[in-house]
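Number of protein chains: 2
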Amino acid sequence: MHSRREFLQKLAVSTASLPFLSSNFSLMEERPLRVAIMGLGGYGTRVAEAMQACKRARLVGVVSGTPSKIKAWQAKYNIPDKNCYNYETFDNIKDNPDIDVVYVITPNALHHDHVIRAAKAGKHVICEKPMALNAKEGQEMVDACEQAKVKLLVGYRMHFEPKTLEVVRLRKKNAFGKILFFQGLSGFEIGDPNQWRLNKELAGGGSLMDIGIYAINGARYMVGEEPIWVTAQETKTDKQKFKEGVDETIQFQMGFPSGALASCLSTYSMNNLDRFFLNGEEGFAELQPSTGYGPIEGRTHLGPLNQAHKTHQTIQMDEMAGIIMNGNKPVVPVDGAEGLRDLRIIDAIYRACQSGQKVSV
Amino acid sequence: MHSRREFLQKLAVSTASLPFLSSNFSLMEERPLRVAIMGLGGYGTRVAEAMQACKRARLVGVVSGTPSKIKAWQAKYNIPDKNCYNYETFDNIKDNPDIDVVYVITPNALHHDHVIRAAKAGKHVICEKPMALNAKEGQEMVDACEQAKVKLLVGYRMHFEPKTLEVVRLRKKNAFGKILFFQGLSGFEIGDPNQWRLNKELAGGGSLMDIGIYAINGARYMVGEEPIWVTAQETKTDKQKFKEGVDETIQFQMGFPSGALASCLSTYSMNNLDRFFLNGEEGFAELQPSTGYGPIEGRTHLGPLNQAHKTHQTIQMDEMAGIIMNGNKPVVPVDGAEGLRDLRIIDAIYRACQSGQKVSV
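Residue numbers (the working numbering), protein chains in the order written: chain A, 51 to 411; chain B, 51 to 411.
No lab work stands behind these hints: they were computed from the structure.
Please note that the accuracy of each hint is not assured.
If you want a taste of the chain B side facing chain A, the calculated C-beta under 7 Å gives, among others [said to hold, decoys possible]:
id: 1; residue: 283
id: 2; residue: 285
id: 3; residue: 309
Residues of chain A placed beyond 10 Å of chain B at every Cβ, according to the derived structure [stated by the list, open to error]:
id: 4; residue: 102
id: 5; residue: 115
id: 6; residue: 118
id: 7; residue: 122
id: 8; residue: 137
id: 9; residue: 166
id: 10; residue: 196
id: 11; residue: 239
id: 12; residue: 353
id: 13; residue: 354
id: 14; residue: 361
id: 15; residue: 365
id: 16; residue: 387
id: 17; residue: 394
id: 18; residue: 410
A virtual CB, placed ideally from N, CA and C, is assigned to each residue, including glycine.
Based on the sequences and whatever the hints tell you, model everything.
Below you can see the structure in the form of structure tokens.
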């Protein structure tokens, strides 16, 4: 397997300047997207495992500050030494022709720096959500990638999930009539109080940055509009676990140009949530669970949604390969502009929590 | 059937002063609650029909300003002339020993006056929800009924619904663990723009008075606590249909002493809502539909709720007969104090809509 992969890879590289071959030689069209994962934590591990089933993307490199992790990943995924970096050597990736894209899966506060460094090294970037700590940072990242002429995608895995896309398809063909309401309940009970997600310096906030963003993003792709205002209310039951600047629970509401409303909950203190509900004048859609890693379940007024489950990160990475390699256009955007829209809304929600007033987006 | 009923009724009246008979003569214990319905509109009609299946309550009188309606109801329900009143003659009901209770099902703004008149006539009162336009009115009604030594109940039909009570029972025995969250989505698309429910003078407000109150009340009996604060946001898409002071849609949030939160929606502009969701540290309950007239559907983390459906108003009136006649204590209170609590919350929600700030209840 390994040697076949290497053979195909070398073949792809060596024939990259011979496009006339590709129509006769189908292997050429199939050169996979060669991915380096930066940040070998829990989610990075999940992405790497899911990528083993990818048809168009392949894990070929790693970036980590922990030598033992690098070693373990090299052994598991057959990663050559030359494709391994730490945070000091990372900028040398510019000289590595065998890596197409860096998937940044580091703590939120580091995304800004890491994405800009990858862009400056001439690599495409996939950045895990939230793209950054705020819209200002996000804009700088978008600008840096534009300037470097590399693509910037955000790791929105739900944008490729089949039941989700079926609801989007139905909404676009007006199956629900005029859209009136979206509800997103996004949360889970967070464990270890010492993890980076509960450290303001690294996470940039609390549940809203990490899980509430699903409801924000879901509202936008389910309703099919951009919100024009938000209101929000923060509550905290545990000030030890959720320190200053780390939100435990935020309820927020959004208004859309058509008059549609969204009602959302973001929390780090309860399970059994994870529900999207879209309501229109002529029908509805419910996804529950709506964003968990396991199979999504859903129904509409027309009946249950039966699209087959496939590991989200596998589909995501295959589809992102198509976007980066072939310029494919996804049904729901996953580019930096998309990430930036969510960040602008996050900024507005935090402001609304402070003021108690309606905040324009 | 008619003559048997009349026979039993006469028997009951004639033996009321002979309590020693009742232990030997079981029919005596079964004298039904004799009800006059005031307000023969859509909901009064529904209650009357449901009462035909009651074992302990019987429709015996009517109060209406429309002679033709009185005539039709007399024919349908065998109501004698002496038990029929209009709003001018109504106070004479004090001299009618054959009516135990007046069920006030008139527009909201009239409840205050009608309940107080019924109390002054020495009759028990069931008042349809919302009990009044605001807590001040509600307090006056509670006081008037206390002074007159009559019982005041509010027409909360869900308080007797079997699946609802099963969730309350499970919550009381701690099956969900510490309660964290309640969600109530209550709404429907209201029709005729000329109905009294859309007239500020008669309705006292809009969707919140009529349908949002289910989410308020449901939050209280599902969580098992009284809220201490509310925040609320009003939105209006149709200012022609929903005039000044008539709310179309209000989102509101409530906080409870334990730290539990509620997230609720009240609306007159969409269907497909009607969902209660209770979330605890160790499990959840979902009722959907949660308050519609038809069968309630529900599940918990333990599985589906299978309690049999029975017409809500039939159970309600039978149980209310037990409360009024025998002093039974319902699992969830339905007295004036209960109605008053909802009104205080409604007052606070309207204030919070105005101020944008958190309002203490």
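Against the structure, the hints come out as follows:
no., hint, result
1, 283, "holds (5 Å)"
2, 285, "holds (6 Å)"
3, 309, "holds (4 Å)"
4, 102, "holds (34 Å)"
5, 115, "holds (36 Å)"
6, 118, "holds (36 Å)"
7, 122, "holds (36 Å)"
8, 137, "holds (39 Å)"
9, 166, "holds (38 Å)"
10, 196, "holds (37 Å)"
11, 239, "violated (8 Å)"
12, 353, "holds (14 Å)"
13, 354, "holds (15 Å)"
14, 361, "holds (26 Å)"
15, 365, "holds (29 Å)"
16, 387, "holds (28 Å)"
17, 394, "holds (20 Å)"
18, 410, "holds (14 Å)"
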